[in-house]
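K.L.:
Chain by chain, the residues:
Protein chains: 2
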Amino acid sequence: MSELRKDPIVDRWVIIAAERGQRPSDFKTKPEQPRSEGCPFCEGNEANTPPEIFAIRDSGPPNSPGWRVRVVANKFPALCIEGDLARSGIGQLDRMTGVGAHEVIIESPRHSDDLPSLSTEHVVEILATYAQRTCDLRRDDRFRHTIVFRNYKAEAGASLSHPHSQLIALPFIPKLVKEKLDSAREHYRRKERCIFCDLLEQELALAERVIYRNDHFVILSPFAARFPFSVEIYPLAHAHDFVEMDSAQQCALADALQYILQQYKITLSNPAYNMTLQTAPSTLPRAGHPDYWGTIAYDFHWHLEIFPRLTKMAGFEWGTGCYINPVSPEDAAEYLGKQSQPARNDQP
Amino acid sequence: MSELRKDPIVDRWVIIAAERGQRPSDFKTKPEQPRSEGCPFCEGNEANTPPEIFAIRDSGPPNSPGWRVRVVANKFPALCIEGDLARSGIGQLDRMTGVGAHEVIIESPRHSDDLPSLSTEHVVEILATYAQRTCDLRRDDRFRHTIVFRNYKAEAGASLSHPHSQLIALPFIPKLVKEKLDSAREHYRRKERCIFCDLLEQELALAERVIYRNDHFVILSPFAARFPFSVEIYPLAHAHDFVEMDSAQQCALADALQYILQQYKITLSNPAYNMTLQTAPSTLPRAGHPDYWGTIAYDFHWHLEIFPRLTKMAGFEWGTGCYINPVSPEDAAEYLGKQSQPARNDQP
Numbered sequence: 207m208s209e210l211r212k213d214p215i216v217d218r219w220v221i222i223a224a225e226r227g228q229r230p231s232d233f234k235t236k237p238e239q240p241r242s243e244g245c246p247f248c249e250g251n252e253a254n255t256p257p258e259i260f261a262i263r264d265s266g267p268p269n270s271p272g273w274r275v276r277v278v279a280n281k282f283p284a285l286c287i288e289g290d291l292a293r294s295g296i297g298q299l300d301r302m303t304g305v306g307a308h309e310v311i312i313e314s315p316r317h318s319d320d321l322p323s324l325s326t327e328h329v330v331e332i333l334a335t336y337a338q339r340t341c342d343l344r345r346d347d348r349f350r351h352t353i354v355f356r357n358y359k360a361e362a363g364a365s366l367s368h369p370h371s372q373l374i375a376l377p378f379i380p381k382l383v384k385e386k387l388d389s390a391r392e393h394y395r396r397k398e399r400c401i402f403c404d405l406l407e408q409e410l411a412l413a414e415r416v417i418y419r420n421d422h423f424v425i426l427s428p429f430a431a432r433f434p435f436s437v438e439i440y441p442l443a444h445a446h447d448f449v450e451m452d453s454a455q456q457c458a459l460a461d462a463l464q465y466i467l468q469q470y471k472i473t474l475s476n477p478a479y480n481m482t483l484q485t486a487p488s489t490l491p492r493a494g495h496p497d498y499w500g501t502i503a504y505d506f507h508w509h510l511e512i513f514p515r516l517t518k519m520a521g522f523e524w525g526t527g528c529y530i531n532p533v534s535p536e537d538a539a540e541y542l543g544k545q546s547q548p549a550r551n552d553q554p
Numbered sequence: 207m208s209e210l211r212k213d214p215i216v217d218r219w220v221i222i223a224a225e226r227g228q229r230p231s232d233f234k235t236k237p238e239q240p241r242s243e244g245c246p247f248c249e250g251n252e253a254n255t256p257p258e259i260f261a262i263r264d265s266g267p268p269n270s271p272g273w274r275v276r277v278v279a280n281k282f283p284a285l286c287i288e289g290d291l292a293r294s295g296i297g298q299l300d301r302m303t304g305v306g307a308h309e310v311i312i313e314s315p316r317h318s319d320d321l322p323s324l325s326t327e328h329v330v331e332i333l334a335t336y337a338q339r340t341c342d343l344r345r346d347d348r349f350r351h352t353i354v355f356r357n358y359k360a361e362a363g364a365s366l367s368h369p370h371s372q373l374i375a376l377p378f379i380p381k382l383v384k385e386k387l388d389s390a391r392e393h394y395r396r397k398e399r400c401i402f403c404d405l406l407e408q409e410l411a412l413a414e415r416v417i418y419r420n421d422h423f424v425i426l427s428p429f430a431a432r433f434p435f436s437v438e439i440y441p442l443a444h445a446h447d448f449v450e451m452d453s454a455q456q457c458a459l460a461d462a463l464q465y466i467l468q469q470y471k472i473t474l475s476n477p478a479y480n481m482t483l484q485t486a487p488s489t490l491p492r493a494g495h496p497d498y499w500g501t502i503a504y505d506f507h508w509h510l511e512i513f514p515r516l517t518k519m520a521g522f523e524w525g526t527g528c529y530i531n532p533v534s535p536e537d538a539a540e541y542l543g544k545q546s547q548p549a550r551n552d553q554p
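From first to last, the protein sequence lines stand for chains A and B.
Letter by letter, the first sequence follows residues 207 to 554 of my numbering.
Letter by letter, the second sequence follows residues 207 to 554 of my numbering.
Pulled out of the complex, with its shape left as it was, chain A reads as follows (with noise of 0.2 Å):
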């Protein structure tokens, strides 16, 4: 079983997934592998994954072909679902057990599908699944917090190419969703205004780093993007949870979303690319488990972060905590901005 371990200095949670017997010769680079025979996460090869969590289907049992959108447990799991969480001190220093659970959301049976090019439909059945599989994993007492993510092509991490999402759910907030919680609330404390909605506005005023917006979204080039083509997709009225959009939100998202993809994918070839969704973490005042965010994060504002992978962190960034950014976002706006291909619902 894995172990979270917490940095004492910059109170960084480390999960230690140790792989039995792995050796430092385990470490040799491997090629990525875009081959579809074998893949499991095909349409057909249901039995060779984990057994399925949830699954949106035209037909047949579960793990059975007949699915559009499917959830399986990773079968590499950073954190194990079962188990108790039990914390524990060695001296100074903090662990726990690494009980979380890790989940891969299979987003079409066919491998050769894209987000960008999926149905509108497809997609929001997509985010609807993320939803679902957050609110499941919220009734866990063991768990603070559930974050999404998705890793595209080898170089950000992807190690199998049929188009998934991943999720993990944690015992603790995390490092920096913390931040961005304190840093709403204490604006919060001080106008009683959400600091994101501020931000929008002024940002939607000068109008220099807006990508893209629709009825319900925003794209954002950040002020202080840290890289290159970075953007964040912001709900344009104030919410704290993505799990409550409705239908039209959901719709609306999914416009964006396949617009910024769209565009990487014309603008910048195709690259490699990841997203994370940021939104408040599930902690009510539980017994036994009092803390600081023992309240709803009402004063959040969740949003999407999505980045190509075009530069290399390096000795600067990883000393400081500071990046460099090679383009300026208001040209990473222009550039990302223009209109480059009219339909984009064309299935491939």
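Please keep in mind that the hints were generated in silico from the structure rather than gathered at the bench.
A quick note: this is a predicted structure, and the numbers were derived from the prediction, not measured.
Please note that a few of the clues may not be correct.
Think about it this way: if two alpha-carbon atoms lie no more than 20 Å apart in a straight line, the pair counts; the simulated DMTMM-like pairs of lysine to aspartate or glutamate are [said to hold, decoys possible]:
#1 K544(A) x E414(A)
#2 K544(B) x D232(A)
#3 K212(A) x E414(B)
#4 K359(A) x E523(B)
#5 K381(B) x E511(B)
#6 K212(A) x D537(B)
Based on these hints, arrange chain B on the given structure of chain A.
P.N.:
Frame of chain A; chain B shown alone:
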């Protein structure tokens, strides 16, 4: 000129160093260039770098052959040494002019040299050069912090394979450094002890994560290591600032550094790695710049961080600031602590 921008949510400064006219097509992946012909860092090619800022020489005037270690400005600097430090706001957003220093420490006149196989005396000269440049830049009132780092191989961000380190002086204390300083200060406030000294004492007593130790330094496999086989090198005696090392300590650090880099080479088949030097900032009380760090951080304990680039950052890490490490720090200590080669100081 580049610009510094602050992320308003997580208080992180980003360097926007937009090169003029850079377009999305410039971000196609470039192959590594291991060739030595025409390398601007090789002896004899001094005219192909910006003018020499500092050198340790056997003979010859500046910008001619005869040097052992040579420092020049980075030809493509992230920050610019000329200009005033000006702060301004755009509504709620903060920015500064991109003033700073970005230097390259060329570690040897020979292209094929490598840090672990240099003579110890030569490595001491490199370490002394880090200190000389740091002290010199601290005299500049515009700068608050100086970071020395080393990127080895293209996967770790090196654009030239000739052995070199880099140094960046910043007009702010970067986020990660500030977190470490805050943590040390808070511990000292409560206990009147150094948090790093406390942790070192415990690690030396447990002896589970000690990789190597000499008279003045210890190499640890960190308890909550983010990456497989990452290490930290600490002076055994409390010291807040690496520039205060005496020559015995410099020799001992050179020995420890060469030990671990040689172990990486053997155990992990010569991997790419990053090294960063974490030392107290230069901030002294200055007219016009009062701030929280207006005192010397005697409560800090300087150290080196080194890690091989074996795993990939993916959506989970980017979205949470949390990491998944597939090798237990105890296993890493065991692999890296084994003496696998008797002589380390033979020239190649």
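K.L.:
Could you check the structure against the hints above and give me the numbers of any it violates, in ascending order?
P.N.:
none
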